[in-house]
Structure formats: structure tokens, C-alpha cells
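Participant: Based on the hints, put chain U in the right spot on chain Y.
Chain residues, written in single-letter form:
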Amino acid sequence: METLQLSNLKTLEAESIHIIREVVAEFERPVMLYSVGKDSSVMVRLAQKAFAPGKIPFPLLHVDTSMKFPEMYEFRDQFCRESGADLRVYRFEEAIAAGVNPWDLGTVKCCAQLKTQALLNALQEGQYDAAFGGARRDEEKSRAKERVYSFSDEFGQWDPKNQRPELWSLYNGRIRKGESIRVFPLSNWTELDVWMYIYSENIPVVPMYFAKEREMVQREGRLVPVYENTQLQECEKPEKLMCRFRTLGCYPCTGAVESTAANVAEIVEEMMVARNSERITRLIDHDQDSSMEQKKREGYF
Amino acid sequence: MDDGKSTLIGRLLHDSKNIYEDHLASLATDSRNAGRDKIDFAMLTDGLKSEREQGITIDVAYRHFSTPKRRFIIADTPGHEQYTRNMVSGASTANLAIILIDARNGVLTQSRRHGFIASLLGIPHLVVAINKMDLVDYSEDVFKSISDEYREFSAKLPTRDVIFIPMSAFYGDNVVMRSDKMPWYDGPPLLSHLESVHIASDQNLIDFRLPVQYVLRPNQDFRGFAGTVASGVVRVGNEVVALPSGRISRVQRIIAAGEDVEHAFPPQSVTLCLDDEIDISRGDMITHPANVPWLAGDIEALIIWMDTRPLQINRQYIIKHTTRTVRGRISEIKYKIDPNTLHRQDADSLQLNEIGRINAQLMRPILCDEYANNRQTGSFIIIDPQTNFTAGAGMVIDRSHKYERATPQYLSSQKSAASNLTRHTGHVSIEERERLFGHSPVTVWLTGLSGSGKSTLAYAVEKKLTEKGHACFVLDGDNVRHGLNRDLGFSAEDRFENIRRVAEIAKLMNESGLIVIASFISPLKTDRANAREIIGQGRFVEVFVDASVELCEQRDPKGLYARARKGEIPDFTGISAPYDPPESPAVRIDSGKSTVAQGVKSILAHLRQMRVLS
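Going down the list, the protein sequences come from chains Y and U. Going by my numbering, the first residue of the first sequence is number 14, and it counts up by one from there. Going by my numbering, the first residue of the second sequence is number -11, and it counts up by one from there.
So here's chain Y without its partners, still in its complex pose (with noise of 0.2 Å):
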């Protein structure tokens, strides 16, 4: 007898599809935020999957800090042309020229300046009434209070306290000139689904995540990558070490982790036994008290 029931990564699949065809739906300027990662390319490949054999409808859009990795530049940009993507690129170049950097400013400034103004920005220049963001509830505890739909006014602010409610799959995108929808279409994703994704469907990502010997350096309890640029301290020495990168953000505050993960599989295999969460590499998420809860309420996706 043929089963009738969908598996777990295929629920997860066709919510995901459901959502983004409703904003395409019902939006007039969605844009999907790319972050180079490997949950952008999950959400990348739903978008050409709900709209296949079409295009996918709307415009990708990275915000660059100008502080990403080189491997992740090459990455976007082949992975763009390959998929037929359409890109975009914001820079902040007037902060990114006044030099902004969290060595100096710290990293809750630079962050403010060079990724929530600089993405309000985008979303202003753009006059996009929607944009796909790809965090997911399993990844921090202000996240996991999130609405799929998650209502922005128009300062690009949100309000936690005062969420619109969600019921069903009913989502409400109904806003006035201005204001916008962020909207999560993998909110009810794992990290552990989205590798179990990438590794079904065959999706590439970022070289950076599969373990090799790189040069590393230890700083404050994390493990960080040494570049010729990079600002070493008197005690700081670097070594070469088996290591990769669970999340990609800004190289001067993402870490490594210890691992010989050095494909797919191994990944998945890493994750089904991982004893930490993935974000305690990100640094930007431990500088202040409620951190990410106050970058959100500001714009932060």
C-alpha cells in the first residue's frame, strides 16, 4: 500500500514552498536576503523549487559589510550565476569609508552601522514591502519567539510584546506604505534539518564549513581564523589546526570549531552527536545582556 505521509524534511519542505509562494503572492516588492550561508542556499533552492519551471520571481539581496570572508565572495558570486539568480549588493559605503570596524567601535556599533543601517537602507533604497530572512527558531531564544510573518513599522523596528497573532497557515501581510514584512519561511527548520537538506538535494555551500587545517588563533575562548590583515595580540600565537565553521558571518567575529567534519555526511554525523548550539561561535551574540532580542527590536534580521 503506498504511504500517504509526508517525511519530516519534506513537511518541513512543503511549509517552506507554501510560504514563499504567499508572498510572492500577495506582496507587491518581495526581495529574499542573502547571506552567503548555508540556510540561504536551503532557502534559495525552496524559491526555485515553488516556482519551478519558472524563474524564481524575485531579486536576492546581500548586504555586504565588506568584512566577509574571500571564500564567501567567490562562493556568491559563482553560486548566483550558476542558479540564474538575480543579486543585488548593498554596501554602507559611507560607513565602510569612515572605516567603521569592531576593533575599534566594538561590535555592537559596527554591527548597528554596517548591518541593521546598512539592511534598512537596502530595504529603503529597493522600496521592498517584503523580505525572506532565513533564521530559524532553534537558533537563539528571542528568535524563537518569531512569527513567520514578522511585522516591521516603518522605522524597519519590531515589537515583540505586541506580535500580531498567527494562526493556522493564515498569514497576515496586510501593511501600510512604509512598513514591511520579515518574513522567516524557515522558521520550524533545525540546523540539523537544514544539513539533513543540503545533503539530499545535493545543494552546495560555502567551502568554509568542511574541516581542513587552517591557521587559527585562540582569542577569548574562540577560535579565529589568522589572515594577513588580521590584528594579533602580544600573547596570541598562531597554529594550524583541524578545524571548520558552523556559521558564517564577519571574519573578525566568527569562529571556528575543532572538527574533521569534511563533507556532508560527516557534518550530519558531527551534528547528531553536537553537545554545543551553533551560534556560541558568533561573537556579536553574547556582547550585552538580551543581545540579539535588542538587535531585532532595532532592525537586525
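No lab work stands behind these hints: they were computed from the structure. Be aware that one or more of the hints could be misleading.
Subject to a maximum C-alpha distance of 30 Å in a straight line, what follows is the list of computed BS3-like cross-link-like pairs (lysine-lysine) [to be verified]:
#, chain 1, residue 1, chain 2, residue 2
1, U, 513, Y, 23
2, U, 5, Y, 23
3, Y, 190, U, 5
4, U, 513, Y, 190
5, U, 513, U, 452
6, Y, 174, U, 451
Facilitator: Only chain U this time, still in chain Y's reference frame:
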């Protein structure tokens, strides 16, 4: 509430090894910082700063965990009555609800309320966890008397699967591991029950329903109808009907997540290609011809009110049901239900978190089923058109004697009834009329404050168009109120009816081939949207005659502003009633700067650009 919900969730995650070590470490720090002497699992789920400060759950949080047998999402919802709306959000998609009862306190009002809400939202399985058994010496008698009392209550609910588990979340008794302290209990611990409860048959696999979400037309050769299978099964080769048109076709191809498949079932997101080229758009539904939903414009439903602004009878709201969004009003509240006692009371409004049984009248009918049979096609949300807030959630009740099924017979009887009524115009096509008049008919809708110069402009446009040989006519606010609408005042409801009638007249005049120039203050965005809906998107030309209140008051041709200032005219737009300026009018005329002739010119230029005038 204080009955150990967070401890239970923490215990469930911890004992099934689903908490990451860094989360556990930061939990320990957070707990210490908050002055707790042991790890406070509530801080794991209460993700918002204000929740941790107040030590309560305000909004639903979703937590994931998995065991080798199943993957779970916990919707951690607040128990306080004032956050009922957040609880229903979590409940709307749940397969199973766990209700916690503190063994020392027994069945409380809130225990009943939570059970009622779970059953209202159609959660098929209920677990009553009788917690803190350690504090009543693991007594079988206490367990029995609490479960007997609750069973008496839950027998009144439609939920059939209700089970009782004695536990101590604090010590982990009967959460993941079987307790050795309660040998008298022979049922499973909580996690084993969660892993084995049979949920596959909760899915409706009988009534095929595909609400059309989006029409995919990437090129000339491909036309697919995209949507999520709400219920039932569809196969390649099946005969299907498109509703509400009633057109029959056959399934040629099914694409599920990019791949061709032979059949599809819920909750797959699919694209259907049909044998025939039939007109189907978003909001329509594809089903099997022998099994169709109701087509109902008057619906009866249970609703939960979720807005701080109370429900107003007969006010216009927006209703989103499947992929169809319609305007409508709640015409009657039959009664409201006290969720604590299940008693019914009369009501003329519903406040935040209140639950009531209502009648709603929709401007376009919806294709729906009974909620108890179909959570997807039986549910809807109510949106406030002014604030855009999700103000209510509704569940359709079975009123078979009142609703009509969208059968081919019923749809064709509706069509022939309509064609009887319009037979006398049926022989002249719209194209013939356009040739006759030398234009395609539209309604030029002038909106603006009293004294902004709408009427002057309207009559000037009429004069100019007539000179050019176009048949046209002005509908003017004051004139209409002398005759057709003399029974109406200026309350929000009467203004709505005023505009509705005018829009219907304009539509008739357009259908007869005339260009209509409508001059109405029409201050509310919702009323203008309503007029646009009645007249038709392609025929409605919104013109904003923009003048400041100061300017209009200075002109005051009819002395109305002076009287309004003295308080002689209540609800006067611009003085004591609001005016929503149009956000993106087709034409905007700056009444202070441009002359009447310039205004006429811009309107005519726009009509030419629209190819209304040749």
C-alpha cells in the same frame, strides 16, 4: 502558571538530551544573575527580556526536540487569561495538548479553560499531566480524585482522546523515565506516550481541496496552479472541478517541490496542470466534482477575539480564508461562551480574549468546510482594516441546512438565475457599447475635503467630455443625499452605506456605457477600497482633490466649516471626523495651486493615457 510548565519542558529536553551544553551553561549564569538558587528552566523558554524579568510567559515560544522515534515542536504557550490569544496561536497547529495540574491544588478554573481552548481549536489529543505528585506523597487517591473530576468536565468537550499521567517534573518521575514511586500507575510515562500517540489518522485524506495560491505562467506552454493540498488525495488523470466557476477538467500533471509525481496529499505544496485551458485564479479552489465544499456568503462560526479594540457589530472587517481575502461584517453575536464554565451569555460585542458564536455576512462567498472536519478550509482570520492587526480567529460551524454545496448543479442554477435577471442587456456586448460611445466606460472618483473644489471640477470635466462627444454624468454627494440616500446620516455606518449605494449606481451606469464622474468626500480608505471593489479595479480612477483644511475653511462656500466649528454639525470631516488621504491616487490635483482648467486637463490626460478616450 506556577504549576511547573517550564520545569516540565526543561526536564523533557534535559532527560531526552536535547539541551546544548553552552545553552545549559548560559542558563546557569542567567539563573544565578536573577538570584535563583538552582537552574531555572523557565529561563530557557522565556526568551524575551520582559518575560525573564517578570518570570512569566507572555508569548508563544517554539522549541524543538527529537528522539529516535519522533521529531517534536513544543509550542510553549502562556496560561494567563490575558494572553489567551497567544495560547490559541500555538494551539491552532498543535497535534496534542498537555494541560498541567498541580496535584496540591486540584482542578482549577484555568485547567478547564485550557482544556476548552484546546478542544475549540480542534487539538485531537489531550494529556492531563497531574504534576508535583512528590508533594502529595505520590498518592493514588489524590491522582484518582483529580482525574475523575476532570474527566467529568472533559466529557462535555468534543475531544475524544484524553489521558491522565501522574508525574513530578522536578524529580523526573514519569516524564522520560517510568517512576518507581508510583507502582499503582500502569500507563506510560509522558515521553513514551508522545512517541506513540497515533496522529496519522488526524489528517483528512478524504475530501480533496486545493486552494489556489498562485498561477504559474513562466511561458506560453506552461500554465500551472500552485497551492498546498489542504486535504484529500489527487492523482494524475483525476477529473477535477474549478470552483466557483464550476468548470470541469482533468489533471494532466502534478509537480511536487519541483518533481513530477503521480499523486499528492496534505500538506504537500504542489503545482497542478490541467488538460483544458480554464480560467482559474488565486482564491479559487480545485476539488473532485463529486466532493465539493460549501459556497457560503453567510457563515456561522465560533470566533476568538484577539484585539484590544473590541469587536463591533456591522463594522467592516477583512476576512482571510484559505487563499481568499474578502470584506465582510459580523452581523450578529448569538452568544459568548465563558471558557471557565462553558456557560453561554448574551453579548453585543466581544472584548479581547472573549469567545463567541457569530453570524458573518461576506461580500463574496467563500469555499469552506466544517472546522471539525477540515482545519485548513474551516478556519479564517479577521483583520481590522484600519490597523491591519489580526483581530480575530474563526472556525466554521456545520450548518448544512443553511449553506449550499458548490455542486455543478447548484453553480449552474445560480448562473441561469443571474442570466434571467440580466437578459435584456445580454444581447449587447461591452465591445459593441464601446464602439457606440467611442470610449470604454470608467468611474472617475473625486475624493477630498468639503470645499476642496470637487464638485466644480466634476462639472467642468463633464462639460469638457460632453463637448468632445462623450456620454457622461456627474454623481454628486449632495444631490444623491437629497434623493436616493436621504435616509442616511453621517455616522461611520451610514457613510459606508452611502458610498456602497453610490458605487453600485456608478457600476450600473458604467455597464450601460456611460463615463461617471463621482464627487464624494469619501473620507475613509476602506470605503474607497469598497467602492473600487464594487466598480471594478480596471474601471475605478481615483482622483485626489488635495486642499488643506485651512484653505477649505477659508473658502467655506456653504458655511459648513463655521457651523462645524460651533459644534452644530457633528462628525464633520476635517474638523471632528478623520480624512485618510489616498496613498497612491491615479491623479492628484493641488487645489490651492492649479486652476479648474488645469485640473480638467490632468484628468483628461490620464484618461487618454489609460486608453479610455481614443
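Participant: Which numbered conditions among the earlier hints are violated in the structure presented, ordered from lowest to highest?
Facilitator: Going through the list in order, the structure violates hints 1, 3 and 6 and respects the others.
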